[in-house]
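Engineer: Residue strings, one per chain:
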Amino acid sequence: MLDLNELGGGLPGVTPELGSAFAQAAAVCLELQGHDQGTHLRIDGQIAGSYPLAWPPAGDQARRAWADHQEATEFGAIAIAMMLIKDATDYTVIERAVKGTGIDYWLGYDEDAPPFQNRARLEVSGILSAEGTADDVVRAIDRRVREKLRQTQPSSGSLPVFVVVIEFGSPRGKVQKS
Amino acid sequence: MSNTNDLHSKAMDLAESAMVQRLQGNTAGATELARQALRLEMSAIEELQEPIEPTYSILHRSAGYLALQCEEYRLAERIAAEALAQEPPHEIAEELRDLIAQVNFQRHLALRGVQLGQDELQLSLSGNGVGHGFVTSDELIGRIENTSRLIGRIVEWQRKRPFIEGNPRKDVREDFPVLISAPRAASFAVTLKVGRPSGQQAFPVEVEVVVDEFMNLLESVNRSSIDTLEQRIPELPYLRNFLGLAKKLAPDGDRVRQVGFTVQRGGMAREVSFTKPAMDIPLPPAIEQAWEDDSPGKDVEVRGTLRFADATGTNANVIKIVNDKGRVRKVTVPEGMMNDIVRPMWDSKVIVKGLKKDQRITLQDIDLDE
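Chains A and B are the protein sequences, given in the same order. Its first residue numbered 1, the first sequence is counted upward by one per residue in this note's numbering. Its first residue numbered 1, the second sequence is counted upward by one per residue in this note's numbering.
Since the hints were made in silico from the structure, they are not lab data. Here the structure is a predicted model, which means the values were calculated and not measured. From the three backbone atoms N, C-alpha and C, an ideal C-beta is built for every residue, glycine too. Fair warning: there could be bad hints in the mix.
Stated by the list, open to error - Within a straight-line C-alpha distance of at most 30 Å, the following computed DSS-like cross-link-like pairs (lysine-lysine) qualify:
{"id": "1", "chain 1": "B", "residue 1": "10", "chain 2": "A", "residue 2": "177"}
{"id": "2", "chain 1": "B", "residue 1": "248", "chain 2": "A", "residue 2": "99"}
{"id": "3", "chain 1": "B", "residue 1": "330", "chain 2": "B", "residue 2": "356"}
{"id": "4", "chain 1": "B", "residue 1": "330", "chain 2": "A", "residue 2": "148"}
{"id": "5", "chain 1": "B", "residue 1": "248", "chain 2": "A", "residue 2": "148"}
Said to hold, decoys possible - Facing chain B, from chain A, some residues (calculated, C-beta under 10 Å):
{"id": "6", "residue": "18"}
{"id": "7", "residue": "95"}
{"id": "8", "residue": "103"}
{"id": "9", "residue": "109"}
{"id": "10", "residue": "114"}
{"id": "11", "residue": "129"}
{"id": "12", "residue": "131"}
{"id": "13", "residue": "134"}
{"id": "14", "residue": "146"}
{"id": "15", "residue": "148"}
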């Protein structure tokens, strides 16, 4: 079970305040798509599997706060990616850095090392609802994974990257490490 | 090293709180928290014994973006340059260069000695398709034409005249023409001057109010404050039209990464840095709701060449999209979008997003298929 409520307690690299906001964004996206608690998220790629989801119910206030669905999708995908990585790999979010007006997350195991040493970057992207058949959804997710890899590692990229793309309509996603 | 870790960790806690404040619309609170985070991040860098990578460059990138959030542009530039002078990993070096480009764009938004009248606005462009003083003609001319269209539509709306397809009315075009200055090398910048009506107006509209409304509109779109827009512009055809034109002004995220407008009010510059790519601009709920009420159908995407766009006669507001195999799809265009949004794409390859009910598709969004 990927329980997004856990984000409300924070992670080593995420404050409870922001963790709650991310979880709320995911809740708004999942409920907008008509999903019920316990719905299964199907993941392809490195940590393929089917993961039942739980989330803090999104009330009217949360829906108003996340009226910009583009933003909700982006932050909601981060919430799911963080919990997915934490539950299905040995990594967890351990480092943060500022990038643009947002936060860039890094994965690792060892908190004693200097910041960003032996870390993998977490790159997340969300799709609220891809159009078409199940095959179309998979193609849309694959396309987004390729775009993210291209953006993150323009040519001779040297830092390891986990790319996670979440589509809320199905819901479905993909995790790819490079 | 633990000092660096501790200071960086505290800086990021504050940066996260700043982000939460920004999401809640508290810009002043967010800036103050970002300022505190910047001080700690700079201390974390000072505590580093040697410039080990990627630690050194990532901490600099982080501090640089915090400085940018605090509008400390010179500091942001210096921080990015310090990191680039070392040996950052390729991808971090690219991000540091992006940071410098954003700092430069903020400098270009500033007027740098240019005085603007109440009826003038500066348009600045930056991105991979913009050189120092040069820009591809498509990127510039399209945006000037769409600025002019949007100004005309704002005047019609402020004169409380019903929306009509076709160009803005003749009297509006004559009263409020948009004039262009010689370009300046500031990535690329020009001054646009909105003309003033010479005679007496039946429905007086001040040109300053039109320019301010233009800035308010773009600011709302860039911030995705669609609720604000809906409240200000309850007339759906105007709302669709404004949103459609704003999307055409928006950056594409590559060739043009930032589109800036600057005006001068009370001796101070007011800037709107339009950074949201067109594809990320959401449709206002009022539009979505109207389509759902009219045609609760299925989302569809149609690709092909736009062969037909007519706003008159028996085929009013219908376009035809012809795909590579010659298959023709008819699409109905809602009021407010035909002339300014759809018609300029005639004979081009387009992607149409729409709602399909029975055999009828109603246009939701249209973009060039590039």
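Engineer: Which of the listed hints are not met by the structure?
Structural biologist: Hints 4, 9, 13, 14 and 15 are the ones this structure does not satisfy, whereas the remaining hints hold.
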